[in-house]
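> Spelled out from the first residue to the last, the chains are:
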Amino acid sequence: MVASSGGHHQWKLAVGTVVIITVVIISGKKSMMDWGERWSEVRKLLERPGPFTHPDFEPSPDTLKMLQENMRVLVIGAGGLGCELLKDLALMGFRNLHVIDMDTIDLSNLNRQFLFRKKDIGRSKAEVAAEFINRRIQGCQVVPYYSKIQDYDDDFYRSFHLVVSGLDSIVARRWINGMLLSLLCYEDGMLDQSSVIPLVDGGTEGFKGISGVTYRLTQGVVKRIIPAVASTNAVIAAACATEVFKLATSACTPMNNYCVFNDSDGIYTYTYEQEKKEDCVACSQVPQELLVQLTEKLQDVISRLKDSLQYQMKSPGLQAMIDGRTKSLYLHSPASIEERLRPNLKKTIEELGLRDGMEIAVADVTSPTTVLFKVKIQT
Amino acid sequence: MESSGTPSCEQSDKSKRYDRQLRLWGDHGQTSLENGHVCLINASAAGTETLKSLVLPGVGAVTIVDDAKKYTFSFHSFFVDSDSVGRPRGEVALRLLLELNLEVRGTFVDQPLQEILDNQPDFFVPFTCVIVTCLPECTLLMLSKVLWEASIPLVVIRSYGMIGYIRVQIEEHAIVESHPDNEMPDLRLDRPFSALQKYMDSLDLDSMDSKEHSHVPYVVILYKHLQIWNQQHGGPPKNYKERKAFIELCKTGMREKENSEIEENFEEAVKAVNTSLLPTSIPSGVQSILNEAASITPSPTTKPFWIMARALHEFVTSEGRGALPVRGTIPDMTADSEKYIKIQNLYREQAAQDADWVLRRVQELSQQLGPRKIVTSLESDIKNFCKNAHALRVIKGKSIAEEYKGSINLGEIGAHLENPESELVWYVMLRAVDQFHSEFRAYPGYFQDQVETDIVRLKVCVNRLLADWGCGPIVKDDFIHEMCRYGAAEVHSVAAYIGGCAAHEVIKIITSQYVPINNTHIYNAITATSETFML
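Top to bottom, those sequences are chains A and B. When we follow full-length UniProt numbering, the leftmost residue of the first sequence carries the number 1, and every step to the right adds one. When we follow full-length UniProt numbering, the leftmost residue of the second sequence carries the number 1, and every step to the right adds one.
Keep in mind that the hints were calculated from the coordinates and are not lab data. These numbers were taken from a predicted model, which means no experiment stands behind them. Here a beta-carbon is modelled for each residue, glycine too, at the ideal position from N, C-alpha and C. Check before you lean on any hint, since a few could be wrong.
What the hints assert, rightly or not - Calculated cross-link-like contacts (lysine to aspartate or glutamate; reagent style EDC-like; alpha-carbon spacing at most 20 Å): (1) Lys398(B) x Asp265(A); (2) Lys16(B) x Asp106(A); (3) Lys238(B) x Asp190(B); (4) Lys327(A) x Glu350(A); (5) Lys118(A) x Asp19(B); (6) Lys119(A) x Asp13(B); (7) Lys118(A) x Glu99(B); (8) Lys119(A) x Glu103(B); (9) Lys16(B) x Asp103(A); (10) Lys14(B) x Asp120(A); (11) Lys118(A) x Glu103(B).
Said to hold, decoys possible - Some residues of chain B that are not near chain A, with every Cβ distance over 10 Å (derived): (12) Ser284; (13) Arg431; (14) Glu505; (15) Ala525; (16) Thr527; (17) Ala528.
In isolation and in its complexed conformation, chain A is listed as follows:
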């Protein structure tokens, strides 16, 4: 057994402080549980250099320990994708897994949600899934939350290094995007990379054409074409788990960044970089001009963004750079933040402290990245 510091500096998703890992002594009869045997497969990838790793990657035995001890991953949804994700991540060395799902188990789930049995019908999906994984894979500590994602605030979400979702609700998906966006911090107008919590999203049919994830939070969107059969869930979840593993370890560069899978005629995947469309308004970092009057209220500006043919936004969230600091003007979610910011809607541009030439970042479900605006005061 080895005690070691986390070696966090090499991590793309580093946490702020060095964490001393306490010595773990595994007691009892299962002496097989020593690192060498149990994780030999993953260790080859993590302890050997290779030509296709991320530039940040440094082969080291610390990487596995980091994965096991430090890395906190939230799995949203314990359904078809969620069950697979928990299993995949647990078998790749992640131990601090958290799963949130408000649903209970139904008979029609059993043909693919393999952590559930007939006797479990009616119980919480998150709880049964966590119990099962913890029982089968020793050392793994899945923490279940039988609740809605909206029941938790920013402190809860900030405590994770990675979020992976297998949601089938657009509303919930939009909400989690909003939440992760609200956690971003700025120093002197620069995004603090440590406040970025990557989201890996396993989408379903219903998500076609929507990717409302901001600040490159979406590291991977995987869409399935044939729904509701064990094999397809397994494939999509596995592709997501691979991306989570890459993001957490830098053992490979992450995929770039949208993948479509269809296996009705042969097997077909199409992976492409979704963000870098040169002509896309949403992606271009050249600020658009936003004409406003000093007496105009924030809510009027927001309705203009919604009504404008060019932007057609649905529920824009606005953050301004004021004196090198980020100031949230208005965000739709989470509820706690929305409530705090709501009074801003009635304030005028002048009252909010906006001046000519200042930049406003606008995030909306209709765009994968934020749109930058430059304030132009009309006189």
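Add chain B to chain A, keeping to what the hints say.
Just chain B now, kept in the frame of chain A:
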């Protein structure tokens, strides 16, 4: 029903449990699956993940062949547990897999594959499909030969570091329900059958009142305007430009409604022009199936598919006057239900009539084969066959032995290897590590202290393989280094991905629905990309 106790309750339980998948392959697909018996050789992570996705949807039975005496605590597989330390790996995997679905039967065979191949030639006969993983090259070739000769489909899977591999070996696979993604409607507007023509001609758009006019199904609008067009041009619109002109013609028939809205049915007609006015034809793939069917002499060993294809061929050349049977389904339309249902029935009746012709022909062909009637020729089977006639597919596979003999298309390999985007280089690497294994009894990089030496050795294997294929040493060292880094490690998410894909291929094979790969699929988890090759 076969189940005892309370069949109705169990039946509904079952349909509820399988509800989401029945939408994909139907009750008949489920029945095929439940009659299927798959054999897995070696209960690795990829192997057990494949079985998991077969047990859950309810495959009939599984057999695991595995001679690993005790499993080492290989925790990258989910189907091991701490209570079973010391038990055979395959036995534990089977027990944990069967927990997933009590309807599935299972057998564990604790015997080396080589022994089975040597002593039990009929061992594989009961299986609908065999799945194999982690076999040395020579054993794989022996197995492939046995199964090829017995016409039993074989699916080879590998999960090697960040690389996944699936190889389907199937001699011939005929698919009636291929479920194509973009289906064009079969409306026969260019060659209406007589009942359709008679009904269409009985309608007169001009004399309709405005309510009727705005509710006439768009197929009528297209038909009527096509008559006008044909008079002017001597035949249906042939290309994009002509179809555009035809759209303008349809628009002239549109009436303005009182509230100045446009007629929805005309809008639909305009939108449907590009898909509904394509000339009725036989897709080239189907035509070559018909040609093949024409050339065979039906015998008692001829498969039912080919008897039906033969009858279909005869239909096309006689009764069908060059066209396939009418499909009998039409798209949804904004219309009054009386006319819509009338038209729907016209298509349906014609389809039934055409299918009936094929059915009678199938029966005649079967009777000619003598008292041993080989085609049960269920009416529903023939109906299904005719309905899907435009999408029939036949896959002709190649044996792995044949592929390994070097009958692969060498020119193509060279071209692929020069393309930096191609995944074929990983196929070369997998073949090379197998040769490495045959030579050194371990995979390159398996032992920590031999990674550096193995890089040099593997490079020799790769270049030897390329030289055999007549290619120069065109594989970059990066790939060799990466393979040695893996040291044959099975990464769980790669195994799970390959397991999911392989299970779906097996389901396609068992149900004869959807189209399996032919024949090699490479998954690259580094870039989340994949490619299929015919090797």
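> So which of those numbered hints doesn't the model satisfy?
Of the numbered hints, 14, 15, 16, 17 do not hold.
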